Amino acid sequence: NHPRVRAIGEIGLDYYWKDRAPFDHQQQVFRLQIRLARELRVPVVIHDRDAHDDVIRILEEEHAEDVGGIMHCFSGDWAMAERCLNLGFYIGVGGTVTYKSNSVVQDVVRQMPIDRLVLETDDPYLAPVPFRGKRNEPGYVRYVAEYVAGLRGASIDEIADLTYRNGCRAFGLEVMLGQPEGLEAQPLGKNALAHLIHKRLLGCPMDFLERAVVHRHTVLGQGHRQGRSTVVEDSDFQHVLISCLRFLPC
Numbered sequence: 001n002h003p004r005v006r007a008i009g010e011i012g013l014d015y016y017w018k019d020r021a022p023f024d025h026q027q028q029v030f031r032l033q034i035r036l037a038r039e040l041r042v043p044v045v046i047h048d049r050d051a052h053d054d055v056i057r058i059l060e061e062e063h064a065e066d067v068g069g070i071m072h073c074f075s076g077d078w079a080m081a082e083r084c085l086n087l088g089f090y091i092g093v094g095g096t097v098t099y100k101s102n103s104v105v106q107d108v109v110r111q112m113p114i115d116r117l118v119l120e121t122d123d124p125y126l127a128p129v130p131f132r133g134k135r136n137e138p139g140y141v142r143y144v145a146e147y148v149a150g151l152r153g154a155s156i157d158e159i160a161d162l163t164y165r166n167g168c169r170a171f172g173l174e175v176m177l178g179q180p181e182g183l184e185a186q187p188l189g190k191n192a193l194a195h196l197i198h199k200r201l202l203g204c205p206m207d208f209l210e211r212a213v214v215h216r217h218t219v220l221g222q223g224h225r226q227g228r229s230t231v232v233e234d235s236d237f238q239h240v241l242i243s244c245l246r247f248l249p250c
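Start counting the sequence shown at 1; every next residue gets the next number (the numbering used here).
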């Protein structure tokens with residue numbers, strides 16, 4: 001019940017690794033986790049790999065609509081998306097939406113209500129095009145936003161703003177940027193300011209609490225220690241800084 005606990009997850013079912021966890025045991029634990037979330041009145045973040053039918057069935061049977069949450073790395077079709085939306089869930093998409101073969105999820109993104117969409121990285125996995133097959137990084141979510149903007153006929157600024165707000169609503173973070181309700185305000189130092197700007201750029205709720213430092217020309221994520229970085233143009237950084245300022249608690 002700590003105020004910093006904003007959700008339970010990822011929880012769910014993974015049928016890909018058939019020899020690691022019996023399916024019936026996974027389902028039993030999944031049900032218990034949903035019940036815990038309902039007891040604590042916090043949303044859930046759902047992991048679903050090759051288990052669409054059982055995931056949505058259990059969510060419905062366990063009344064997950066009482067708390068809602070996010071369908072992480074959504075890979076279902078429109079019929080499944082509708083059932084998730086009816087339960088009050090947000091649809092999370094990451095690098096996989098940029099893959100040419102993923103027309104099913106691309107169709108979901110085109111059809112779904114924009115106020116129920118959130119962006120994700122899932123780093124270090126599932127990097128978007130043009131980095132597919134390489135180590136994923138938080139900064140790459142910009143490419144996800146650009147692709148989604150193309151699918152929706154919107155600008156990247158609109159997608160970043162909308163998905164940021166959706167993420168705040170999903171996790172109950174609507175009071176101010178980076179300041180969950182019920183927590184004492186923290187001093188806004190240089191690194192904190194950089195962190196806020198970074199997250200405004202990404203519009204990425206799943207990485208909302210991840211540490212990041214922003215410099216003028218480079219966004220450094222977790223890969224910084226290994227010398228990896230994502231280059232950001234000077235004009236991009238200035239534009240993001242300006243658009244961030246109206247969200248800062250001042």
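Bear in mind the hints are in silico, worked out from the structure with no lab data behind them. Since we're looking at a predicted model, the values are computed, not measured. There may be inaccurate statements among the hints.
[Said to hold, decoys possible] Derived Cβ-Cβ restraints for the label pairs, each shown as a range:
1. 18 x 104: 21 to 27 Å
2. 135 x 82: 31 to 37 Å
3. 20 x 113: 32 to 38 Å
4. 132 x 18: 35 to 41 Å
[As the list claims (entries may be wrong)] Dumping the calculated SDA-like pairs for lysine to any residue here, alpha-carbon to alpha-carbon at most 25 Å:
5. 18 x 51
6. 100 x 63
7. 100 x 62
From the three backbone atoms N, C-alpha and C, an ideal C-beta is built for every residue, glycine too.
Can you give the numbers of the hints that this structure goes against, from lowest to highest? Hints 4, 6 and 7 contradicted; others consistent.
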